[in-house]
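Participant: Sequence:
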Amino acid sequence: MGAAIPFIGSWQPSAKAKAIGAPVQVNVDKIEPGEMVSVAWQGKPVFLLRRTEESLAILESEEHLGQLRDPASDINNQPEYTKNNTRSIRPEILIVVGICTHLGCVPEYRANGMIGVIHSLYFCPCHGSKFDLAGRVYKGVPAPTNLIVPPHTYIIGKIFFVYARQLS
1 MGAAIPFIGS WQPSAKAKAI GAPVQVNVDK IEPGEMVSVA WQGKPVFLLR
51 RTEESLAILE SEEHLGQLRD PASDINNQPE YTKNNTRSIR PEILIVVGIC
101 THLGCVPEYR ANGMIGVIHS LYFCPCHGSK FDLAGRVYKG VPAPTNLIVP
151 PHTYIIGKIF FVYARQLS
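Going letter by letter, the sequence shown gives residues 1 to 168 in full-length UniProt numbering.
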């Protein structure tokens, strides 16, 4: 009987496994406009970006919306409370899982745009997928869907808190 106790104990998650699933907290008010911060959550990169007034205006423009595959985020890969043009709770703060929805590469933040896109965006160098600063995928690229918005909230108005929960 004594030999079974260590065996059963091995079913418990390790401290490292518990830490991977733990909530992450970041003071988003310390992020400067145009600056992106990346944190690890559940073993994945999560991008936090403080958008500028200019980038927020671009997200709303009809010309820009016409370049996107799913501008209204109809494919549900975000919590219901972030289903808006900025895909966020606070319009100036973007929070997305930094994994391309094509084959799982990590997109790069291009603060100065790139050829064909004069404003900031996320670009996946592996296969050329592009995402705007709301994490919405452009038309004509391999990625099939927008970047995932993880379930999150704010504590005391400024602390970003991402936690494990199924998307609604």
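Do not take every clue at face value.
Claimed, not checked - Restraint ranges, calculated between C-beta atoms of paired labels, are given here:
| # | residue 1 | residue 2 | range |
| --- | --- | --- | --- |
| 1 | 40 | 90 | 34 to 40 angstroms |
| 2 | 112 | 67 | 35 to 41 angstroms |
| 3 | 72 | 111 | 22 to 28 angstroms |
| 4 | 69 | 155 | 30 to 36 angstroms |
| 5 | 111 | 61 | 17 to 23 angstroms |
| 6 | 139 | 38 | 25 to 31 angstroms |
| 7 | 80 | 111 | 14 to 20 angstroms |
Because the hints were derived from the structure by calculation, they are not lab data.
Note that beta-carbon positions come from the ideal geometry of N, C-alpha and C, so glycine has one too.
Participant: Each of the hints needs a verdict: does it hold here or not?
Facilitator: Hint by hint, here is what the structure shows:
Take residue 40 and residue 90: their Cβ atoms lie about 22 angstroms apart, and the range 34 to 40 angstroms is violated. The hinted range of 35 to 41 angstroms is not satisfied by residue 112 and residue 67, whose Cβ atoms lie roughly 18 angstroms apart. A C-beta distance of roughly 26 angstroms is found between residue 72 and residue 111, which places it inside the suggested range of 22 to 28 angstroms. For residue 69 paired with residue 155, a C-beta distance near 34 angstroms keeps the hint of 30 to 36 angstroms intact.
For residue 111 and residue 61, the Cβ-Cβ distance of about 19 angstroms falls inside the hinted range of 17 to 23 angstroms, so the restraint holds. For the pair residue 139 and residue 38, the beta carbons lie near 26 angstroms from each other, so the given range of 25 to 31 angstroms is met. For residue 80 and residue 111, the Cβ-Cβ distance of about 30 angstroms falls outside the hinted range of 14 to 20 angstroms, so the restraint is violated.
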